[in-house]
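These protein sequence lines are chains A and B, in that order.
First residue of the first sequence: 5, per the numbering used here; consecutive thereafter.
First residue of the second sequence: 1467, per the numbering used here; consecutive thereafter.
If you are wondering where the hints come from, they were derived from the structure by calculation, not from laboratory data.
Each residue gets a CB set at the ideal place from its N, CA and C atoms; glycine is no exception.
Don't take every hint at face value.
Claimed, not checked - Under 10 Å between C-beta atoms, here's a sample of chain A residues computed to sit facing chain B:
| # | residue |
| --- | --- |
| 1 | GLU38 |
| 2 | LEU45 |
| 3 | LEU48 |
| 4 | ARG50 |
| 5 | SER51 |
| 6 | ASP99 |
| 7 | GLU112 |
| 8 | LEU116 |
| 9 | ASP117 |
| 10 | ASN141 |
| 11 | THR147 |
| 12 | ASP154 |
| 13 | LEU156 |
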Amino acid sequence: MTRATEDFEEFARARTPRLYRTAWLLAGEHHLAEDLVQETLAKLYRSWRRSEHVENLPAYAQTVLARTYISQRRRRSSSEQPIATPPDRADRTGDLALRVALQQALAELAPLDRAVLVLRFFEDRSVEQVALDLGKNAGAIRTRTYRALDRLRAVLGDDLVHLAAH
Amino acid sequence: MTNLNDSLPDLMRRATEHLEPTAPDLVERGIRRGQVLSRRRTALAGVAGAVAVLATVGIVVAGTQAVGGGPSGHAPFAGTPTATPSASATATSSSATAATGAKAKPSVRPATTPQRTLETLRSLLPAGTRVTKPTTFGDDFIGASYLADDGDGASYVEVLIETEKTPIACSST
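All chains should be modelled from the sequences, with the hints used to inform the complete structure.
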């Protein structure tokens, strides 16, 4: 194994848990989230030699993940079969009620809207930064954020108060 | 009333708390996949280099024929003004026509598509080759492949086109 690969492996092992959590919010399902992380790691590995020019590698990795998700969803949109019950078996720890409610609410959003919300509220990025990350203008990101939050409010309904109260 | 703008970060954090990938070899799989992508990029660079060499050879051969004619003794194509509309309109001498031919090249190539790439790959295979399983793939590149059988057994033939990428910006957080 080369030194570069060893360095990458160290970086990947450290970042994978965080990448997976973001991927889960985006993909909404355990297996798809792992696939998304794997593809993201592959893309990061491919450009690893140029990574010394990247100012913030962890943030860069999250951006690659979000863009990979949008790209994959574009290609898979015509072939995916939605199912009523999430098949996750590995995610049965923690706040299950919240997880299922959020999973179902996020599933109501278009992939790009979902990516916008995850980058804005989970990754804590500014509107301007998300616009740069996703190749959109800031106005479009603001509009998408507003509409996506509105949709989430409608889907969560009264549950939102209980979920947020915990 | 709960403000979702304020509560969503906490909801997302709590929903993903304790979530971990279960595949023990996720990083290794990512690296292996990355190595495949790297090899494809290298192969692509090789194909691009080969195309550049072939294009150069083509230009040199065409230039030679335009000036001096082919080895068969036939008149050079520059001497037949009907070869191309632009050439026929302006051809007065071999050298003038060669210059016109060079100018007639389009400066911007149209963007390709997976289907066009597949068609191009098919056209590059020798006549009589039987092809099956046409496939296109790729996200930030275009890949097209066939199983091609020239009568001595099928081979997997693949072409990869690197497409223009939008640079990814990074936050400073």
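Now the hints, each set against the structure:
no. : hint   : in the structure
1   : GLU38  : 5 Å, holds
2   : LEU45  : 3 Å, holds
3   : LEU48  : 7 Å, holds
4   : ARG50  : 5 Å, holds
5   : SER51  : 9 Å, holds
6   : ASP99  : 5 Å, holds
7   : GLU112 : 14 Å, violated
8   : LEU116 : 15 Å, violated
9   : ASP117 : 13 Å, violated
10  : ASN141 : 13 Å, violated
11  : THR147 : 15 Å, violated
12  : ASP154 : 9 Å, holds
13  : LEU156 : 6 Å, holds
Going down the numbered hints, you'll see the structure goes against 7, 8, 9, 10 and 11, while the others check out.
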